[in-house]
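Build out the structure end to end from the sequences listed, making use of the hints.
One-letter residues, chain by chain:
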Amino acid sequence: MDRKVRVSICSGTACFVMGASDLLLLEESLPQALRPLVEIDGSTCLGFCRDRAKGKAPFVLIDGVVMSEATLPRLIARIREIVDAES
Amino acid sequence: MLNLNNNAALIRREILVRIARLQLEGRLEEGVRAIPREMAPKGSEPFRCCIYHDRAILETRVIARLGHSVEEYDGERELSEYARDALARERPTEPMLTVLDEACNACVKTHYMVTNACQGCVARPCAMNCPRQCIEVTSHKANIDPSKCVNCGLCMQNCPYHAIVKIPVPCEEACPVGAIAKDENGKERIDYSKCILCGACMRECPFGAMMDKGQLVDVLRRIMDGRRVVALYAPAIAAQFRADVGQLEGALAKAGFSASYEVALGADKTSELEAREFEERMERGDILMTTSCCSAYVRAVKIHVPDLIPCVSDTRSPMHYAAELAKERDPDCVTVFVGPCLAKRKEGIDDPLVDYVISAEELGALFVAREIDVSECERVPQSGEPTASGRDYARSGGVSEAVRLRVARPESLKPFVINGLDRAGMRQLAEFGKAAATKKECGSNLVEVMACAGGCIAGPSVITNQKVALALLKVYVGNGAKRGE
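Chains A and B, in that order, are what the protein sequence lines are. Be aware that the first sequence starts at 1, since it is given in this note's numbering, and climbs by one per residue. Be aware that the second sequence starts at 1001, since it is given in this note's numbering, and climbs by one per residue.
One or more hints might be untrue.
[What the hints assert, rightly or not] Non-contacting residues of chain A with respect to chain B, defined by C-beta distances greater than 12 Å in every case (computed): (1) Met-1; (2) Asp-2; (3) Gln-32; (4) Leu-34; (5) Arg-35; (6) Glu-39; (7) Ala-53; (8) Lys-54; (9) Val-66; (10) Met-67; (11) Glu-81; (12) Val-83.
[Stated by the list, open to error] Incomplete in silico selection of chain B near chain A, CB under 7 Å: (13) Asn-1005; (14) Leu-1010; (15) Arg-1013; (16) Arg-1242; (17) Gly-1364; (18) Phe-1367; (19) Val-1368; (20) Asp-1373; (21) Ser-1375; (22) Ile-1463; (23) Thr-1464; (24) Asn-1465; (25) Val-1468.
Worth flagging that the hints you see were computed from the coordinates, not collected in a lab. The C-beta atom is built at its ideal place from N, Cα and C for all residues, glycine as well.
Shown next, in the form of structure tokens:
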């Protein structure tokens, strides 16, 4: 894979209250093989919490696609899917 | 240990947000009855047998979040009546915890079980090591006779196939002082004459059956009544949100607090007085002194280790001194301590200077309900300049270090930190109690005790995991004033 998966973790207050701090441990939780393929940033509020149609906090953007009710295992699984599909 | 942001915890937080939203809209009484239905709507996947059971439990959770005990609840009153009572209440009520019988799984008494992984081997180390000879192998599988088993666990430790498992009762397991036991119906009951209010049971119950009784309704009502409500926030709270200096103050102002004080200012006073007290006690020949800021610890000593009572410092807690400061500046204000702690709710009820105590969860819920994002708030000047060491109270080891910095001869202070009052921590306490009673030197003379392993940043009602909180705390501490050393 010749690009990186871009992950933006919302660390706005609504997401933090619903557990986003766990997601900030993504980097250290990623399997060794995936680590160099992912670019992670902790973002200020992405604003999705104000739009009920987007689902429930916490929110993460993966390559520009919103994931609601994000958890570490779901996040890692999604990253793996993307990497597997492109390599 | 159950992870902090588990599903049961998130449900409890969502209820808080919904209650606060309704209250802010001025329609808590009429709207509260819809919460269980909205959180377990028709067609959703139930956690229990059906959505109706889920709703029944959500109803009791709402009542607890409104600040009521639910042990006696039998569905006879409407949620709106509980909301009305909460809005009319003058003071929060004891006890600080409540057990939701509906939610309690009535877990089977702690026991050991042989699983299908048992190979019925020839060596039979399970039976050989059992001191009560309660294991027999029949049809190529070991069987434990529950009437003889004493739960020693030797069979499990010796099985080469890991075929024997322990089925614990998580709340009883988590309680360091044996304050929780089953009643005649198998439901858990808390014995408040033993409970130290550490909050471990409510953190560890996988069914979320232990809940602390909320006070956010009371605080929000005072704010909406136009009272001057002042937030006293613990250092651990500064480590719960990502924010620049002054933004938490900005968020608190936006949420309706008329002023906010860092409890770290109170911590500075505690450290100063505790350093003097330490010197006096050593002068008069005491063998050790312990800190007193952790109220779960102070309770633990009073109830379970009376030998250590004379060693507990007489200095008051940072919360008390912060409240004193707030009331000195504005005698008519309503003081609200914001912290990560359950035991502080009790300390608050007993301290005339502290009107309310809310949790990190409750403050977070208030921000969400008001659509306040802390990192987007304007920077408001802080109430004072607490030292870095005062802010570091939120971490195990921080308190004894703050005292060490302030004694005339720092090298004379030999600290020991009890990092977490689990059962091992209680045994350590008992050791120090014995040393105190017999006046025996024990290698340290200042014992810091934190009921939560890691310190207040790992309190029972935090929202931010400990690793991230510790990183945020470091930044907060780093911005604190240095003491002229």
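Structure-based check of each hint:
1. Met-1: For Met-1/A, whose nearest Cβ neighbour in chain B is about 29 Å away, the distance exceeds 12 Å, so it holds.
2. Asp-2: Answer for Asp-2/A: holds, closest chain B Cβ roughly 32 Å.
3. Gln-32: holds (19 Å)
4. Leu-34: Per Cβ check, Leu-34/A is outside 12 Å of chain B; nearest 20 Å; holds.
5. Arg-35: holds (17 Å)
6. Glu-39: Since the minimum Cβ distance to chain B is about 19 Å, Glu-39/A lies beyond 12 Å and the statement holds.
7. Ala-53: Answer for Ala-53/A: holds, closest chain B Cβ roughly 16 Å.
8. Lys-54: At about 15 Å from chain B, Lys-54/A clears the 12 Å cut-off, so the statement holds.
9. Val-66: holds (17 Å)
10. Met-67: Holds, since 16 Å exceeds 12 Å.
11. Glu-81: holds (23 Å)
12. Val-83: holds (25 Å)
13. Asn-1005: holds (3 Å)
14. Leu-1010: holds (6 Å)
15. Arg-1013: holds (6 Å)
16. Arg-1242: holds (5 Å)
17. Gly-1364: holds (4 Å)
18. Phe-1367: Holds - the Cβ of Phe-1367/B comes within 7 Å of chain A, reaching about 5 Å at its closest.
19. Val-1368: Holds - the Cβ of Val-1368/B comes within 7 Å of chain A, reaching about 5 Å at its closest.
20. Asp-1373: holds (5 Å)
21. Ser-1375: Constraint on Ser-1375/B satisfied, holds at 5 Å.
22. Ile-1463: Holds, because the Cβ-Cβ distance from Ile-1463/B to chain A comes to roughly 6 Å (cut-off 7 Å).
23. Thr-1464: Cβ of Thr-1464/B sits 4 Å from chain A, so the hint holds.
24. Asn-1465: Hint on Asn-1465/B: holds, closest Cβ of chain A at ~5 Å, below 7 Å.
25. Val-1468: holds (4 Å)
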